[in-house]
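Chemist: As a plain string of letters, each chain reads:
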Amino acid sequence: MYHNGEDISAYLDGELASEAAAELERELETDPYARAELDRLRTVDQLLGSESLSGEEGPDFESSRERTWMALEHRLGLRQPLWKRRVTLPYPAVAAAAVAVFVLVGLLLWFGGPQLGNAPSVAGTSVRDVDVHIAAGGTEGEKLLRWLNEQEVVGAASVELPDVAQFRIMGEPRLIKAAEFRSRGE
Amino acid sequence: MSARRVFLVTLTIAFLLPVSLGAQDAEDMESLDEALRELSDKVMRVDITARVTSGGEETVWDMELTRVTISGRAVTLRLDGSNITVVSKFTPYYDSDDSVLLVAQGQTWITKENDSSEVDYQTSFKSMPVELGESVVFLPLGNDELKMDVEREDTGTFNIELEVTVVPYEGDSSDNSESDSKSSSNSE
Chain S
1 MYHNGEDISA
11 YLDGELASEA
21 AAELERELET
31 DPYARAELDR
41 LRTVDQLLGS
51 ESLSGEEGPD
61 FESSRERTWM
71 ALEHRLGLRQ
81 PLWKRRVTLP
91 YPAVAAAAVA
101 VFVLVGLLLW
111 FGGPQLGNAP
121 SVAGTSVRDV
131 DVHIAAGGTE
141 GEKLLRWLNE
151 QEVVGAASVE
161 LPDVAQFRIM
171 GEPRLIKAAE
181 FRSRGE
Chain L
1 MSARRVFLVT
11 LTIAFLLPVS
21 LGAQDAEDME
31 SLDEALRELS
41 DKVMRVDITA
51 RVTSGGEETV
61 WDMELTRVTI
71 SGRAVTLRLD
81 GSNITVVSKF
91 TPYYDSDDSV
101 LLVAQGQTWI
111 TKENDSSEVD
121 YQTSFKSMPV
131 ELGESVVFLP
141 LGNDELKMDV
151 EREDTGTFNI
161 ELEVTVVPYE
171 GDSSDNSESD
181 SKSSSNSE
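Protein chains in written order, with our numbering: chain S, 1 to 186; chain L, 1 to 188.
With the rest of the complex left out, here is chain S:
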């Protein structure tokens, strides 16, 4: 008995009754055409992923759909190049990115820019010599002097007098010119 392709396909899918299946198997042993049909249908099954149907994972319809859609876009000229695509960005993200860029560039300039350690020399001395740290910014002479006056930049001196000397107040403190003081002493 010759079995057509439908019977063989049903056999391949396990849908054939046991008696019919046994009969078909006997025929497959003797009929090369039937075996060839069975091989062809198995190949088709494999190509269609029918084997994976019986496995644990289902078919990847999503990737197939994506590939198909991309092929259609390409063929119909619907696909835009990257630089022509419209990009939608949320405002907070744009602002945050701009601030981040600004801060980064500012930090680079701040730490990599000119420092006051290389401040210009003033009459043989530099800012560092007089231990002045100036926050530059719209400085003018008077402002700078005022600023210096507000700072404790001119150090005080502390001196230990000889221990053996005992002092006492001898009158009102005086401020006199040295020449006059010497002449009075003489």
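There's no promise every hint is true.
Said to hold, decoys possible - With a Cα cut of at most 30 angstroms, we get these calculated DSS-like pairs of lysine-lysine:
| id | chain 1 | residue 1 | chain 2 | residue 2 |
| --- | --- | --- | --- | --- |
| 1 | L | K89 | L | K112 |
| 2 | S | K177 | L | K42 |
| 3 | S | K177 | L | K89 |
| 4 | L | K126 | L | K112 |
| 5 | L | K89 | L | K42 |
| 6 | L | K126 | L | K89 |
| 7 | S | K177 | L | K126 |
| 8 | L | K42 | L | K126 |
The set of hints was computed from the structure by calculation and includes no laboratory data.
Given the coordinates of chain S, assemble chain L onto it according to the supplied hints.
Modeler: Frame of chain S; chain L shown alone:
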């Protein structure tokens, strides 16, 4: 305004602002340079010689000190002895090109020879116009009784003299703003 336009404008500002700040920085440096040059003309050097004298004449100990300052800024000197602390502040104010008004403020805490628990305090505020380079002497303890003691040949009394000279600052005259103090003692 579309999101793309906002993004482009913000990005442009973000990149241009640091450049603008850099230019501002350069202007500030020029301004600072100019200010420092102007400042260098107003800097003064205050030379102080502190002396401990005995009997009004003999110097038993002295010390030299140099400070750099500007008009209106005090140079402070603190002297600590066994029974005395003297804090003197000398403030020069530019009066003209070659003269200053020197203000001397003195505060003295002193204990009596026999009673260290009792402290006498004396303060003073003196001023005097002086020529640049001219020396003045500040006597925080006074010297009235000293003359009487000298007349009585009492040489056991010590006094403090602070000789102050204000000169225009010249960078090559001193390597540092604060020169090393030099002291010497002639008490032996």
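Chemist: Next, verify each hint and record whether it holds.
Modeler: Verification of the hints:
1. A C-alpha spacing of about 24 angstroms is found between K89 of chain L and K112 of chain L, which places the hinted pair at or below 30 angstroms, so the restraint holds.
2. Between K177 of chain S and K42 of chain L the alpha-carbon distance is near 23 angstroms, which keeps this suggested pair within the 30 angstroms criterion.
3. For the suggested pair K177 of chain S and K89 of chain L, the alpha carbons sit about 17 angstroms apart, so the restraint of at most 30 angstroms is met.
4. As the CA atoms of K126 of chain L and K112 of chain L are separated by approximately 25 angstroms, the hinted pair is consistent with the 30 angstroms bound.
5. Between K89 of chain L and K42 of chain L the alpha-carbon distance is near 19 angstroms, which keeps this suggested pair within the 30 angstroms criterion.
6. For a cut-off of 30 angstroms, the pair hint linking K126 of chain L to K89 of chain L stands: about 10 angstroms separates their Cα positions.
7. Restraint check for K177 of chain S and K126 of chain L: satisfied, since their Cα atoms lie roughly 12 angstroms apart, inside the 30 angstroms limit.
8. For a cut-off of 30 angstroms, the pair hint linking K42 of chain L to K126 of chain L stands: about 23 angstroms separates their Cα positions.
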